[in-house]
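Undergrad: Sequence:
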Amino acid sequence: MLDLFDQLLAELGGDDHTCTVDLRRCGSVYFEFYAEARSLRNNVNFGPSESMEPFIGRAYREMTSLPLSASLCWRRLYTDASLFFALSKVSNSVKVDEAVATEAVAALDRAIIIAGAPGRLEFIYKLIKDIQDNHLALEPLKVPPAQIQQPMPQMYQSSAFSASVPCIHPPPSIFGREWSEKPFVLRNYGHIQNWRALSSWASIEYLRSMAGPGRVVPVEVGKDYRTEEWTQRLMNWDSFLQSMDFPEHPAQPQNEVLYLAQHNLLLQFPTLEGDIGIPEYVYACPDPPSCYPAYKPPGNLDQLVINVWLGPKHTISPAHTDPFFNCYAQVVGRKTVWLAPPEVSNSMYPFNSLTSGTSDKSHNPAANTTEPSMSNTSRIDVFPDTAEAESASRNDFPDFWKEVPQKAMCVTLVPGDVLFFPPGWWHAMRSEETSFSVSMWF
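Its first residue numbered 1, the sequence shown is counted upward by one per residue in full-length UniProt numbering.
FYI, nobody ran anything at the bench for these hints, they're computed from the structure.
A couple of the hints might just be wrong.
Dumping the calculated BS3-like pairs for lysine-lysine here, alpha-carbon to alpha-carbon at most 30 Å [claimed, not checked]:
#1 142 / 129
#2 296 / 182
#3 313 / 182
#4 129 / 296
#5 313 / 296
#6 223 / 402
#7 223 / 129
#8 142 / 223
#9 95 / 126
#10 223 / 126
#11 296 / 142
#12 126 / 182
#13 126 / 296
#14 223 / 407
#15 182 / 402
#16 95 / 129
Across the chosen pairs, the derived CB separations fall in these ranges [stated by the list, open to error]:
#17 172 / 291: 15 to 21 Å
#18 293 / 17: 53 to 59 Å
#19 303 / 167: 38 to 44 Å
#20 252 / 25: 41 to 47 Å
#21 53 / 97: 31 to 37 Å
Where is the CB? At the ideal position from N, CA and C, for every residue including glycine.
Build the full structure now, drawing on both the sequences and the hints.
TA: In structure tokens:
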């Protein structure tokens, strides 16, 4: 590990390295950080890794108080301080035990999840693999005790929609204006394109092996992010997977609903990238649809944001809107999607974020936003549990039930299906069983 330590120090000491140029925008904190990093290396037995924690904490406070475009230097600092933290844990000549190695890997995962690891992804991938290969091993899967499978109650069929999402056969060869105005489904698209993920992502053993031991991921805790009980936390990947029902491995009993939501798992675990193809439609550069003239593509270099969604049966994403086109691929399990056009917004009873005292940021678990704005989220349950719940909703939200269902549509996606819908459309999701999906905003 010493070669990685020395490489990182050499880059930080150079005047023209991109990371160094960015870090110096942190002002005097950069010089304090560089001096502390050199002190760690110069100590024969290595100084305590905890000396990096104040820099990690300072960087976190700064970057979460700034817009993304202004936080690069602090995200760089968070990432590099996490790297030195991990390196100092595992570079000591004393034998590294499993707990220490796991702590180092978790610190590197946090750099990816929280800061995005700008300029250091390949460095982090290499270091994680080195730590795993030398100090960690995958534990055998815990076999849950045999349980009598109780039949699940039949889901109540909501009357919040009146039509099905159109299915197109075969897929359009050109993404023209006619396809950019309304939702449609491409049935079996993933099978036609031979996505390996359709089989491999249904295997808990495969998902564990592709990540390796010691990894952590951000999860939502709670059935509904609109409730006060909902929260977020980082969780061991193995433990999270064992909370899901997979074909060859039933779930461990859980007292809470866990949901990996809106997280770029393919960035964190790049070995999964080749398992699924990116449909060519996301590179079509569509014009703003007439129903959402304010549309602009994502502001990153690729103008594409990819997120993964993995959750148990009955996981629900409440009705909300997003500002981008969405190409939504169903990989494992079935998921029901409800959609309604932007023109019904006045009848959707959205939360008023401006009265909550929080900044106007859309819900994004991976961004570590513990108090997301709800301005893009409806208070209505479009998937009510019972007829009584729907009746109560009709009394509480009469405009919705009067105006929206006649313009709303619904579809149940199965593995291999791809759903397209334009920006500004209201949409809600319900997993009918353990569900693995990939969203592509463009």
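Undergrad: Determine for every hint whether it applies to the structure shown.
TA: To see whether the hints hold, each was checked on the structure:
1. 142 / 129: Cα-Cα ~24 Å, so holds.
2. 296 / 182: 17 Å, holds
3. 313 / 182: Within the cut-off at roughly 28 Å; holds.
4. 129 / 296: 38 Å, violated
5. 313 / 296: 34 Å, violated
6. 223 / 402: 27 Å, holds
7. 223 / 129: Distance of about 34 Å is beyond 30 Å: violated.
8. 142 / 223: 25 Å, holds
9. 95 / 126: 20 Å, holds
10. 223 / 126: 36 Å, violated
11. 296 / 142: 47 Å, violated
12. 126 / 182: It is violated: about 43 Å lies between the C-alpha atoms, which goes past 30 Å.
13. 126 / 296: 35 Å, violated
14. 223 / 407: It holds: about 27 Å lies between the C-alpha atoms, which stays within 30 Å.
15. 182 / 402: Holds, at roughly 22 Å.
16. 95 / 129: 18 Å, holds
17. 172 / 291: 15 to 21 Å: Cβ of residue 172 to Cβ of residue 291: about 19 Å, so the range 15 to 21 Å holds.
18. 293 / 17: 53 to 59 Å: Given about 43 Å between the Cβ atoms, the range is violated.
19. 303 / 167: 38 to 44 Å: Because 27 Å falls outside the window, the suggested range is violated.
20. 252 / 25: 41 to 47 Å: At 46 Å between Cβs, range holds.
21. 53 / 97: 31 to 37 Å: Once the Cβ atoms are compared, 20 Å apart, the range 31 to 37 Å for residue 97 and residue 53 is violated.
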